[in-house]
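**Student:** Given only the sequences and the hints, what does the whole structure look like? Please build it.
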Amino acid sequence: MINHEGRIKAAFASGVFVLKLCGDVRLTLCATLDRQARQLAETPGLETLIIDLRDTTNVDSTALGFLAKVAMAVQGRVSEPPTIIADNPDVQRMLDVMGFSRIFTLVESPITETRDLHDLPEIPTDVEETRQRVLEAHRILMRLNEHNREEFQPLVEMLEAQQAASHGP
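Counting with my numbering, you get residues 1 to 169 for the letters of the sequence shown.
These aren't lab readings, by the way, just hints derived from the structure by calculation.
A hint or two may mislead.
Unchecked claim - Restraint-style ranges between C-beta atoms, simulated for each label pair:
| id | residue 1 | residue 2 | range |
| --- | --- | --- | --- |
| 1 | Glu122 | Thr48 | 21 to 27 Å |
| 2 | Gly15 | Arg38 | 18 to 24 Å |
| 3 | Arg139 | Leu117 | 26 to 32 Å |
| 4 | Arg139 | Pro44 | 28 to 34 Å |
| 5 | Met72 | His167 | 25 to 31 Å |
| 6 | Asp116 | Ser166 | 41 to 47 Å |
None of the values given here were measured: they were computed from a predicted structure.
C-beta atoms are modelled at their ideal positions from N, C-alpha and C, and glycine is treated no differently.
**Tutor:** Rendered as structure tokens:
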């Protein structure tokens, strides 16, 4: 039986960092992606970032926002834009619509296969932290293109209103 639950694996060797997303990647994994973005921004010797989506069945918009954050975290630190490997036509179309070609190089197959991937531990979060991450992810996506701005504006406004209400007067 195939496990469709989302997982994130990683490997780092010879300056190449590989992040492999597996299964159904949703907002529950965003704390893990967020931590990874912060760590990558400080990783010494980082030369290349590759995100492998070949074993991904679904990536929700919050997770996509954090993939964009990972790319932004390494801008100026790596000579080439990060690479996303995606061979699923639905995933490719989604990346295209979301404007990911502006911050990633999109390819269907890797130059070489990566070994020694290890699972990253899922970081638990509470409801408020999750809401903050959903808001941050969609603000990032909105900056990528006009389609995303129109698509996610209502969600961002709703989350900002919830945030304001929860912090009260």
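**Student:** So which of those numbered hints doesn't the model satisfy?
**Tutor:** No hint contradicted; all consistent.
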